[in-house]
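**Q** Take a look at the letters that make up each chain.
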Amino acid sequence: MADTSNVAQGEFPVPITVEFTGGLELLFGNERKHKIVLPARLEDGSRPNISYLLKYLVDNLMKDQRIDMFIMEDNVRPGILVLINDADWELEGEETYELQQGDNIVFVSTLHGG
Amino acid sequence: MGSLDETCASLRAQITATEAQLAGLKRDLANAEQAAQGETATTAEIQHEDHNGEGRRWPLLQEEYKRYGRQMIVSQVGLKGQLKLRSAKVLLVGAGGLGCPAAQYLAGAGVGTIGLIDGDTVEVSNLHRQVLHRTKNVGKYKVDSAIESLRELNPHPTYIAHRTHLTPEAAPAVFQDYDLILDCTDNPATRYLISDTAVLLGKPLVSASALRTEGQLMVLNNPPRAPGDKTGGPCYRCVFPKPPPADSVVSCADGGILGPVVGTMGVLQALEAIKVITAPEIDAASDVTTAHPRDPPSLHIFSAYSSPLVRTIRLRSRRANCAVCSAEATVTLDTIKSGSTDYVFFCGSASLPSLLGPEERISAREYSERHSTVTSDSSRLYTIIDVRDEAQFGICSLDNSINIPISKILSSGHSAGSQGADNEQQAAQIPSWLPSEVASSESTNPIYVVCRLGNDSQIVVKKMKELGLDQHGKRFIGDIRGGLRSWKEQVDSSFPEY
Numbered sequence: 001m002a003d004t005s006n007v008a009q010g011e012f013p014v015p016i017t018v019e020f021t022g023g024l025e026l027l028f029g030n031e032r033k034h035k036i037v038l039p040a041r042l043e044d045g046s047r048p049n050i051s052y053l054l055k056y057l058v059d060n061l062m063k064d065q066r067i068d069m070f071i072m073e074d075n076v077r078p079g080i081l082v083l084i085n086d087a088d089w090e091l092e093g094e095e096t097y098e099l100q101q102g103d104n105i106v107f108v109s110t111l112h113g114g
Numbered sequence: 001m002g003s004l005d006e007t008c009a010s011l012r013a014q015i016t017a018t019e020a021q022l023a024g025l026k027r028d029l030a031n032a033e034q035a036a037q038g039e040t041a042t043t044a045e046i047q048h049e050d051h052n053g054e055g056r057r058w059p060l061l062q063e064e065y066k067r068y069g070r071q072m073i074v075s076q077v078g079l080k081g082q083l084k085l086r087s088a089k090v091l092l093v094g095a096g097g098l099g100c101p102a103a104q105y106l107a108g109a110g111v112g113t114i115g116l117i118d119g120d121t122v123e124v125s126n127l128h129r130q131v132l133h134r135t136k137n138v139g140k141y142k143v144d145s146a147i148e149s150l151r152e153l154n155p156h157p158t159y160i161a162h163r164t165h166l167t168p169e170a171a172p173a174v175f176q177d178y179d180l181i182l183d184c185t186d187n188p189a190t191r192y193l194i195s196d197t198a199v200l201l202g203k204p205l206v207s208a209s210a211l212r213t214e215g216q217l218m219v220l221n222n223p224p225r226a227p228g229d230k231t232g233g234p235c236y237r238c239v240f241p242k243p244p245p246a247d248s249v250v251s252c253a254d255g256g257i258l259g260p261v262v263g264t265m266g267v268l269q270a271l272e273a274i275k276v277i278t279a280p281e282i283d284a285a286s287d288v289t290t291a292h293p294r295d296p297p298s299l300h301i302f303s304a305y306s307s308p309l310v311r312t313i314r315l316r317s318r319r320a321n322c323a324v325c326s327a328e329a330t331v332t333l334d335t336i337k338s339g340s341t342d343y344v345f346f347c348g349s350a351s352l353p354s355l356l357g358p359e360e361r362i363s364a365r366e367y368s369e370r371h372s373t374v375t376s377d378s379s380r381l382y383t384i385i386d387v388r389d390e391a392q393f394g395i396c397s398l399d400n401s402i403n404i405p406i407s408k409i410l411s412s413g414h415s416a417g418s419q420g421a422d423n424e425q426q427a428a429q430i431p432s433w434l435p436s437e438v439a440s441s442e443s444t445n446p447i448y449v450v451c452r453l454g455n456d457s458q459i460v461v462k463k464m465k466e467l468g469l470d471q472h473g474k475r476f477i478g479d480i481r482g483g484l485r486s487w488k489e490q491v492d493s494s495f496p497e498y
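Protein chains in written order, with the UniProt record's numbering: chain P, 1 to 114; chain D, 1 to 498.
What the hints contain is simulated information worked out from the structure, not anything from laboratory work.
All C-beta atoms, glycine included, are put in the ideal place defined by N, C-alpha and C.
Just so you know, not all the hints are guaranteed correct.
To give an idea of the interface, some chain D residues facing chain P are shown, with a C-beta separation under 10 Å as derived from the structure [as the list claims (entries may be wrong)]: (1) 15; (2) 245; (3) 316.
All chains should be built: construct the whole structure from the sequences, respecting the hints.
**A** Printed below as a string of structure tokens:
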């Protein structure tokens with residue numbers, strides 16, 4: 001029953017680019033752009049999605065201890081937009097979106113100065 | 001020495017009094033000028049009408065053809081667009097870093113009525129970016145200072161000064177008389193108020209913001225349609241249904257801002273406003289698909305140190321459960337005016353940390369008295385840590401102070417903490433950011449922490465105590481109450497304030 005083409009694709013790790021802007025980069029060692037590689041499958045056999053990515057970023061990339069400046073109630077905190085390949089993540093299924101090879105994920109904190 | 005001190009104190013008092021008097025005079029002058037200009041404007045309008053009356057063949061004045069010719073020959077504008085600009089009424093909320101350049105280009109382009117609303121007065125620290133204000137106008141209302149410059153640039157438009165901050169009670173009445181709103185403000189509560197009012201009155205909104213080296217721009221509620229009509233453009237609440245936590249909001253005063261960055265955003269607001277005003281009407285009768293497609297809702301992000309400088313992202317359309325622009329809307333003009341939509345409560349206010357007890361804090365004067373003699377040895381008897389970032393430390397700092405930015409302090413030990421292993425606590429006792437001679441468990445020399453205003457310093461003191469650096473109370477660790485601002489007030493008036 002297994003879809004062979006899917007399995008073959010699924011076994012490759014998923015390299016993606018993650019960017020932080022609007023001041024969020026300050027929480028990630030003041031680096032805007034990060035290249036990371038996610039596993040093809042998680043322990044439960046599912047593919048890595050945005051929810052997994054958020055946890056991955058906090059555990060592996062975040063330098064600042066103020067986690068609630070990035071995550072609140074297991075989701076990005078209010079005032080942060082998530083962009084999947086230059087589109088609002090709400091156009092792509094939000095945290096359930098499964099990451100594809102070469103995806104560009106941008107986290108933008110809103111600015112208020114003027 | 002005593003009498004010299006007294007002389008200085010007396011002179012300072014005299015200067016303060018004279019400055020207050022000067023500010024008062026400037027305000028009186030502004031009001032008088034405003035009244036005088038009101039009279040001149042009326043005369044000018046009458047002349048304008050006479051002109052139109054005698055030469056009905058030409059809708060613009062001779063001078064206006066010359067003045068606006070270079071933009072009128074651009075095909076997107078033309079005479080038709082110029083006439084639309086002349087009959088347009090645009091309100092700019094905020095006459096600061098965004099409002100100044102935006103108003104400048106809208107006035108230059110010949111927008112017929114330009115309203116400015118802002119209750120602030122001009123400060124010296126505004127001048128590097130708020131390009132309509134002049135040094136001589138420090139202390140004057142920003143809207144008066146801005147309109148003075150705008151009149152010199154273009155005397156044709158009608159300028160309306162609202163010398164007050166936008167309040168929920170007044171917002172609907174103020175917005176009513178305008179066709180298009182520009183959000184040039186600096187705080188989330190006002191941004192939600194502006195968006196809600198604009199949606200409920202059917203006005204398109206051009207919203208921008210800027211901080212440090214970045215800016216953001218959106219055209220919202222475009223096209224402006226009634227709440228519940230899904231073909232209308234999204235509003236601020238559709239994009240940001242929940243406000244950010246108040247503690248995460250950074251102002252230009254705290255985070256800094258480059259003039260050309262906020263200037264770019266203001267200029268882009270003027271551009272988007274001109275595009276909205278001069279856009280060809282979409283004929284309701286004609287087939288929608290053949291009409292000019294409007295730009296999809298977008299967020300433009302400007303980043304001065306990135307390439308490309310601007311990236312544009314596609315935004316969602318109207319949110320089906322939006323509190324303002326959906327069929328399920330709960331916010332109305334009445335709930336805004338009555339205060340039952342409470343913007344201050346919605347957005348919260350940043351809680352200034354008051355983490356330390358009085359015994360853990362000393363005043364700037366007390367610190368200076370304890371350690372007034374600066375000798376080569378003195379640095380060994382105590383440690384003073386300045387937790388501002390490197391750029392601020394480079395501007396000015398206290399003698400003997402060492403710089404350890406709070407970002408560095410808060411980013412250490414995270415991985416150890418998240419693993420939560422008990423045996424790692426020993427290693428975390430002496431954090432890598434602390435010089436070893438300071439961290440030595442044999443020393444009980446006091447550690448003082450200082451920052452700009454006395455907020456971050458409290459966080460750091462608390463953190464150091466959590467790490468056990470105070471040796472269970474044997475070693476004093478505390479902060480300077482009120483930070484470097486009180487150092488200037490209480491100890492050294494020559495210390496720079498930035």
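**Q** Are the hints correct? Go through all of them and say.
**A** Outcome of the hint check:
no. : hint : verdict
1   : 15   : violated (32 Å)
2   : 245  : holds (6 Å)
3   : 316  : holds (5 Å)
The earlier numbered hint that this structure contradicts is number 1, and it is the only one.
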